[in-house]
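Participant: The residues making up each chain are set out below.
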Amino acid sequence: MENKLTVSLSPHLHSHNSISRSMWNVIIALIPALAVAIWTFGVDALWVIAVSVCACMLTEWLIERFMFHRPCTLMNGSAIITGLLLAFNLPSILPWWMVVVGAVVAIGIGKMSFGGLGCNIWNPALVGRVFLLISFPAAMTTWPAGVSSGLVHMSGASGADATTGATLLATLNESNGEIGMSSVDFMDMAIGHMNGSLGEVGSIAILIGLVYMLITKVITWHIPVSMIGSAALFSWAFGGNPLLDVFAGGLLLGAVFMATDYVTSPMTKAGQLIYGFMIGFITIVIRRYGSYPEGVSFAILLMNSFTPIINRYCHPTLFGRRRK
Amino acid sequence: MKLKTFRKGGIHPAPSKLTSGMPIVEIGVSSEIRLELAESIGVPARCIVKPGQSVSAGEMIAEAAAFVSAPVHSPVAGTVKRIEKLRDPQGFWREAVVIATEHIETAVDEAEEALSPRTQDEVDALTPKEIIDIVGNAGVVGLGGATFPTRVKLSIPEGKKAEVVILNGAECEPFLTCDEVLMCGYPDRIVAGCRLIMKAVGVDRAIIGIEANKPQAIAAFRRLLKGCDDISVQPLKMKYPQGGEKQLIYALTGKEVPEGGLPVDAGAVVDNVATAYAVYDAIYNRKPLTQRVVTVTGPHLKKPGNYLVKIGTTISSIIEAAGGLPEDTGKVIAGGPMMGKAMSRLDAPTTKAISGILVLPESMSKRRSEEPCIRCAKCVSVCPMGLEPYQMMNLSIAKRFEDITKLHVMSCLECGSCSYVCPSHRPLLDYIRYAKQEIRKMPKK
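Going down the list, the sequences are from chains A and B. Residue 199 in numbering that gives the first Met the number 0 sits at position 200 of the first sequence, and the numbers go up by one each step. Residue 428 in numbering that gives the first Met the number 0 sits at position 429 of the second sequence, and the numbers go up by one each step.
In case anyone wonders, no lab produced these hints; they're calculated from the structure. Here the structure is a predicted model, which means the values were calculated and not measured. There may be inaccurate statements among the hints.
[What the hints assert, rightly or not] Straight-line distance between alpha carbons at most 25 Å, and here's what the computed PhoX-like set of lysine-lysine pairs gives:
#	chain 1	residue 1	chain 2	residue 2
1	A	K216	B	K3
2	B	K254	A	K268
3	B	K340	A	K216
4	A	K3	B	K365
5	A	K268	B	K365
6	B	K301	A	K3
7	B	K340	A	K3
8	A	K216	B	K7
9	B	K3	A	K268
Whenever a hint applies, use it, and build me the whole structure from the sequences.
Facilitator: Dropping the structure here:
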């Protein structure tokens, strides 16, 4: 018996938390937004999501199998999340091969080129999305016709073509303030019955996902709250409508699911607050002064780049340093 | 009412207090008692007996060899058989004295008879210096697991001033209940011990901190201390490591022990409730520390319980008394599951450090394989000392010990919260310990 005893250093208990548990909880949190996407955009949405997820998983498997020679890690769910989030950032009518290109870039360049899970600097799904946005700007901003643009009626909105569809933020950006707030259908905006990328439209669904992740302690409130708060603050400071900036575009999706990515966000609470605050600020600056109607993706990628520096300078307060 | 607690970090492991409320059961004396000389932190005691010599119960067999050192006493009357090196529970060689017990059946009574208790008047007449000396000569050490000689703790360094005595009854380690049963059974003795400690360090205020999952212990002290304003009982939130010395001081007084400082730098003297009991025994009953309550527990153990064990009894005979090792045993731990040490052999003797013997089944014994760090920051948020375990592990792997020092690695209290929460099952604390060890070896600047 003596020789059979396991000897290891303490602690001898574990919380049973694991990478796959965290990841599958994120996937569960994504389900409401997924449902809204399918409800709003129909089978097209399902098709884009399926292609994206499968392409991400296949890319990861091929690279791990034939380049890294490592055991398969698909079941931890991280490739599935990248696939889902990439799809959530795409229009439902994007050609399927473009989705595949985005997935290969997201996993191949965004994640595996740095060494795989835990090693990447930028959010893989956003790397894929921005690659597509720069490579295929037209396709990436072509929205399905027949989906509400989030406006109650089209009076005075000559730029918005009823047959091609447009997102609310793009319409407002082009109208140069001609369209008043009164014409925005906030009900449609809240439930997600409007045009945009797959996952960004269902505000309430995304918030349900946020609540789920907070309850299961997958994430803490610091990044989403500071990011949404600062976006609302600067939207108001720059004379915009905070409600619109927060709910109409991809800000919520970014704040809840993209900026909170473990690997690419800072480690300390103070660092996370700075990071979220800066993403909110940069997003609004891009929306107001840039040529893109959206800015969340760029803002997050930019702050991802700053994460190592934030980690270097933001340390937790050492116990014993704040002596009363 | 909002329960007091420490501010930063902490985790909530399942309490698993299987032996809560079970009475203290005395287990029989073995025919052979083996006493390690290194029964405290610091320098091992110096042996003062020779083979063949007969010793009485409570007789000192090894004296303190330095300031930070504690004497060792024989728990039984008997004959010194050998002085030899034997393996401790972790498998290290330790100097030890082996005593053959006489009259196994009556050994306990003999030990009781040998003593003539001090009267209250005699106790009241003792000066602080005398109390400290008696406690020191009785071999009393911190019974929370650190075995710091209590004499040293009670000797307040020149120029420092204690303001409050804190009795640690938090018992935040899962599974362990040895302090709980002691508090429920002998609150009067613990309070008497507490008053002696207060007198020794010259303070007139004490707080007994107890985690809220021990309502009976809290009630027992409340009944006893009704109308007393020198000692108070403070229920604490259930959170690990509530019983960490610095965490407890913060929870009860709101003061932080400065980095690298001692509790007395925050005006506190902290002793475990079991230590206070041992102080009581040493002063009132003239009894040296030769036995302690050990929680013997485990999910599959037949007779888990709180056993009164003579120091020097072999671990295996204690486990026998608790129903024997279950078939599926995978790991046996000296202490609790969070900070206890896994044992490699069970023929080793009990020491003053062993507060519990935890028998874990095979299914709970193995670590999961390590995965890459996903930088989830959970280790940072649970660290009660405000450290960054993930970074310290990375630097430790790279052997960049100078850089780890800058991250205040020496502040780590090794509570294990970081390894406990890590979703990637990374052995964070292992590497932190390694770094601390290497840094201690480095020449001091």
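Participant: Tell me the hint numbers this structure goes against, listed in increasing order.
Facilitator: Of the numbered hints given earlier, those the structure breaks are 3 and 5, listed in rising order.
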